[in-house]
Amino acid sequence: MTKNLRLKSSEYIDETNRISFKFNGKTYHGFKGDTLASALLANNVHLVGRSFKYHRPRGIMTSGSEEPNAIVQINPGTNRTEPNVRATEVEIYEGLEATSQNCWPSVEFDIGGINNFLSPFFPAGFYYKTFMWPASFWEKYEFFIRHSAGLGKSPTSSDPDIYDHRNIHCDVLVVGAGISGILAAKNAAKNNFKTLLVDEKNELGGSTVYENNEFNKIDNKTPSEWLKKEIEELKNIKNLEIKTRTSVAAYHQYNYLLAKENLTDHLEAKDKTNKIRQRLLKIRAKKVILATGALERPLIFNNNDRPGIMLSSAVKKYSEFYGVACGFKNVFFTNNDSAYESALSLYNKGINVEAIVDIRDQSESKIVKKIEEAGIKIYWSHTIVDTAGYKRLNSVSIMKLSNDSTSVTGSKISISCDCLGVAGGWTPAVHLYTQSGSKLKFDQEKQIFLPNQNTSEQISVGSCDGDFKIDEIIKNLNQKLKDSLNIKETDLDKIKVEIDQENSKRNIWLLPSDKPLGKTKSFVDYQNDATAKDIKLALREGFRSIEHVKRYTTTGMGTDQGKLGNMHALGIIADTAGVKMGELGTTTFRPPYTPLTFGTIVGRNVGKFFDIFRRTPMNDWHVENKAEFENVGQWKRAWYYPIDGETMHQAVQRESKAARESAGILDASTLGKIDIQGSDASEFLNRVYTNAWSKLAIGKCRYGLMLNEDGMVYDDGVTTRLGENHYLMTTTTGGAANVLGKLEDYLQTEWPELDVYLTSVTDHYATASLCGPNSKKILKKIIPDLDLSDENFPHMSFKETNIGSIQCRIMRISFTGEHSYEINVQASYGKDLWKKCIDAGQEFNITPYGTETMHLLRAEKGFIIVGQDTDGTMTPIDLQMDWIVSKKKYDFIGKRSLYRSDTMREDRKQLVGLLTDDPNIVLEEGAQIVSELNQSPVEMLGHVTSSYFSPNLNKSIALAVVRGGKEMMGKKLFVPMENKNINVTVANPVFYDEKNERLNA
Amino acid sequence: MFLINCPYCGERDQQEFKAGGEAHIDRPKQPTELSDDEWAEYLFMRKNIKGVQFERWNHAHGCRKWFNMVRDTSNDEIKAIYKMGEKPPAQ
Ligand SMILES: [Zn+2]
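Chains A and B supply the protein sequences, listed in that same order. Here the first sequence is numbered in my numbering, starting from 1 and rising by one per residue. Here the second sequence is numbered in my numbering, starting from 1 and rising by one per residue.
Don't read these hints as lab results, they were simulated from the structure. Bear in mind that the values here come from a model prediction, so they are computed numbers and not experimental data. Be aware that one or more of the hints could be misleading.
[Unchecked claim] Sample of chain B residues at the chain A side, in silico, Cβ under 10 angstroms:
1. W39
2. E41
3. R56
4. G85
[Stated by the list, open to error] Simulated crosslink set (SDA-like; lysine to any residue; CA at most 25 angstroms straight-line):
5. K742/A to S74/B
6. K18/B to G872/A
7. K441/A to K50/B
8. K65/B to S154/A
9. K87/B to E753/A
10. K439/A to P7/B
11. K50/B to G872/A
12. K286/A to Q30/B
13. K888/A to Q30/B
14. K194/A to G10/B
15. K79/B to D171/A
16. K895/A to I884/A
17. K83/B to Y757/A
18. K439/A to G10/B
19. K446/A to V579/A
20. K695/A to G723/A
21. K287/A to T32/B
22. K47/B to G741/A
23. K888/A to T32/B
24. K889/A to E41/B
25. K221/A to R245/A
[Stated by the list, open to error] Sample of chain B residues with no beta-carbon within 12 angstroms of chain A, all distances over it, derived:
26. N48
27. I49
28. V52
29. V70
A virtual CB, placed ideally from N, CA and C, is assigned to each residue, including glycine.
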């Protein structure tokens, strides 16, 4: 039976603009201005989903972002599909498709619904109790859980939309554009504060904008009429920026807030393309005015979750704002006067209100009298004890509450209805307030948590601060604005408000039924199917802390963070444990207030913008010559240059041989370079390196090892003395930024008396490293005028010269053991330098090699790579590099630590060479080393740090760290692998040219 | 996300800064004179206070200058910021 429940006369619905959309495959119609929820309700569709655990049929419960039930998948099967969207927030557009989640095969017939009948087997903590043990069964459990619990499907293809980030700085940020937010923003902006007003809805005005209650008047107008005029005036105010469809997700310290601005979700597919879909606003506000309003609570009674049971305030909003009745026969269940406003709205539009069930014994307000006069039956001191109707509510049963309200008496009355509006009072939306670090207090009289201790420049105004009546709101807002913004006069001074008399309220957190609690299903958290019974069970099992009860029962742990039921959970715990509400504390609300898409979080940082990368000036040449690249820090470095389909191994073997036999060339531009100047530069180097620097002659180079203060090797590299007070330091590629940071730290904080200036010049120079026995001849061709004799330009020295008109710095240093030159030119000439070298080297078969060959060549020489052969636990002594540690220097960074008892232990892990007995077996880097095979457990002596097949030695070589390795020269050890044990022998780590004869070859 | 008032640049977002641990621990002038325990005290021992703590911070993505901060770690309130070498403000 489908009947149209659209009422005429809503100015927010454009009935000339009819929109068709699909829900669960069926086509429906709504109008521009509808949400998916309002359009479905207008078509008398309440059943929209199944609950998470019991798969109970669930309907639309609310009209806003707090919705726990109506969670749908938008545009399934497309690359714009999005799961877990609240139907109450989706603005419909032509072509929109949505489906229910968490049901199979359909929302009408769901196999998981059987869980509902098995529910005695799904108590609180069920997942903890059942799925934790035995661990080996986890895979089976996981299969079961994943198939029966559906929380929507993520898209399988990439997101076609654009997302953006924007920084906003403002004097005043107003969150929430209800009556309080609008008045606050207006007065702030009028007083020259740069103001930003945001609201998650597409229309301003909050609930006051459809408040047509004839008993409340502002300046003799209904609140609705009056507020619309105020909203109209906002347009002409300077200094005020308004963002609708913008929800604040997070409120961090120092008034830093993140908001999601939704720009295209309400548009048809054809209008979405090439537009920014959502924008993350990063807002830094001098002052924040929270006007986040209040959320209506439901009441907790038996079977309170059937489709057709909704919040009373939602019934009112659907009627007044969307022009939709939620049922033909309506009943309200309440503990305060607000349900009467909803009832009156329906009554005024000619919709049938069967009865109002009120747990109070009376109310004196005018609106209650009006309902009585209208002939609507009010059951005072009654409660609902049960409801009926599986997929749609069809009746409620009510009974009289006992005097102490813990039980029910008398006879049961059944009232036929298809919609029940529930009003359990209002909870201030303090989520953002607490996220900011500010503290709440419990107000015993109002029975709510209220802002208490502000930690930031912030105020809370309106109902989120506990002011629910328009006269209180305006009076308190006025005073807070004056105090907080330091202003003398506001528009609010002159406003005249008449309101209905004070409401009486009555809180019963868990309403009794004629059935025992164990036989009831009174849902506290709808989304996670947590009932009052579950919470009581958790308490019986010994849980006391609210945070523990929350996790054990999963109350408040859904995507809605339990916005509706948290207060009831606390109330039930307090009542059961016999303590006061305020003493329990409250659960922590964490960002985001409403879920964010990954796209919004990531913004533009996708694809090649995901992480920045750096390329050397020679990069184009490497690409043209088919190099494979590897990531070294942020750098893209040429790894090897395969020719004619060579494998990596083949390419590296060829490159390594060529570099030693004739000539090789490496792009070394990525090495960190720090320019050091100042009259104390030599002294500074003395303090940061382990070896002595004062006597290094100008024009000479020296290798240095840098330690941390704990004595462990931190970085290494060659530093050249360019002048009396001028050095150029090189660092490892990956360590460049950290080394500069560390040096600056010492200069600024420990040795401010030193006259030293550091400048990073890594990007300023391009470096080609020319190596091999023919490197000298090649350089001679490029710079014929330069005297390359060993006398004039010996190993470890430097020349400043020119290649044509280009200035260059050449260091004769070597990381391969071959005769080598590192040629540095201004970065923009890098590619040109590289090509010159390649051209000049043609006749010598110059071979470009990448990082892999560089690693192999240096391993043949036993040169360490910091970060590969060291791991932050190796001292220079452990590396057998005692020669580089000055005994004479009084102090350097890390020196004292080398004499700690632990760093002087003989049995530390030490760097050694390893040779496999079978020269063709190449060890795996990271493989463990043992001395015994038949021991259990076996002692791990160390591990392999570098391992290669050396084409120049025609055998496998490796570097390893081994406990007490220095004393093990020649010892047989084992590397146990999965299928075999590899026999190895400890060797000198310098495998090739031990006497360094090739440096001058 | 703190808003940090760099003494050289003014107010900047926390993202631009790097925390550098406890402040006012001077590197010993004569490390070789120290016992292992004394050296270990300098090297490893740091306070981790719930409450007012003195910290080093570096404007790493800005002027690269180091400075000191007094911060209440219980609520992240920055109570004072002062340059290296300056005396901490009286509490
Ligand atoms: Zn700065």
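For each hint, the structure was consulted:
1. Interface restraint check: W39/B against chain A, minimum CB-CB distance 5 angstroms, threshold 10 angstroms, status holds.
2. Interface restraint check: E41/B against chain A, minimum CB-CB distance 12 angstroms, threshold 10 angstroms, status violated.
3. Because the smallest distance between the Cβ of R56/B and any Cβ of chain A comes to about 7 angstroms, under 10 angstroms, the interface hint for this residue holds.
4. Because the beta carbon of G85/B sits about 6 angstroms from the nearest beta carbon in chain A, less than 10 angstroms, this interface hint is met.
5. Under the criterion of a C-alpha separation no larger than 25 angstroms, the hint pairing K742/A with S74/B is inconsistent with the structure, at around 29 angstroms.
6. Distance check on the hinted pair: K18/B and G872/A sit about 21 angstroms apart at the alpha-carbon level, within 25 angstroms; holds.
7. The suggested pairing of K441/A with K50/B holds, with an alpha-carbon distance near 23 angstroms, which does not exceed 25 angstroms.
8. Pair hint K65/B plus S154/A does not hold up; C-alpha atoms about 45 angstroms apart against a cutoff of 25 angstroms.
9. Only pairs whose Cα atoms come within 25 angstroms are accepted, and K87/B paired with E753/A is accepted, the gap being roughly 17 angstroms.
10. A distance of roughly 31 angstroms separates the Cα atoms of K439/A and P7/B; the hinted pair therefore is violated under the 25 angstroms criterion.
11. A distance of roughly 30 angstroms separates the Cα atoms of K50/B and G872/A; the hinted pair therefore is violated under the 25 angstroms criterion.
12. For the hint pairing K286/A with Q30/B, the CA-to-CA distance comes to about 48 angstroms; that exceeds 25 angstroms, so the pair is violated.
13. Proximity of K888/A to Q30/B is assessed by CA-CA distance (about 15 angstroms); at most 25 angstroms being required, the pair is judged to hold.
14. Restraint check for K194/A and G10/B: satisfied, since their Cα atoms lie roughly 21 angstroms apart, inside the 25 angstroms limit.
15. Restraint check for K79/B and D171/A: the C-alpha separation of about 22 angstroms stays at or below 25 angstroms, so the hint holds.
16. Between K895/A and I884/A, the direct Cα distance comes to roughly 12 angstroms. Compliance with the 25 angstroms bound is thereby established for this hinted pair.
17. For the hint pairing K83/B with Y757/A, the CA-to-CA distance comes to about 19 angstroms; that is within 25 angstroms, so the pair holds.
18. Under the criterion of a C-alpha separation no larger than 25 angstroms, the hint pairing K439/A with G10/B is inconsistent with the structure, at around 30 angstroms.
19. Straight-line distance between C-alpha atoms of K446/A and V579/A comes to about 17 angstroms, which keeps the hinted pair within the 25 angstroms bound.
20. This hinted pair checks out: K695/A and G723/A have alpha carbons roughly 13 angstroms apart, not beyond 25 angstroms.
21. The hinted pair formed by K287/A and T32/B fails the criterion: a straight-line CA distance of about 54 angstroms is larger than 25 angstroms.
22. Straight-line distance between C-alpha atoms of K47/B and G741/A comes to about 23 angstroms, which keeps the hinted pair within the 25 angstroms bound.
23. Distance restraint check for K888/A and T32/B: the Cα-Cα separation of roughly 12 angstroms lies within the 25 angstroms cut-off, and the hinted pair is therefore satisfied.
24. For the suggested pair K889/A and E41/B, the alpha carbons sit about 23 angstroms apart, so the restraint of at most 25 angstroms is met.
25. Restraint check for K221/A and R245/A: not satisfied, since their Cα atoms lie roughly 28 angstroms apart, outside the 25 angstroms limit.
26. Residue placement check: N48/B keeps its beta carbon more than 12 angstroms from all beta carbons of chain A (closest about 19 angstroms).
27. The non-interface label for I49/B is consistent with chain A: the shortest C-beta to C-beta separation is roughly 18 angstroms, beyond 12 angstroms.
28. At the 12 angstroms boundary, the C-beta of V52/B stays outside the reach of chain A, the nearest C-beta of that chain being 16 angstroms off.
29. Listed as a non-interface residue, V70/B keeps its Cβ farther than 12 angstroms from every Cβ of chain A; the least gap is roughly 16 angstroms.
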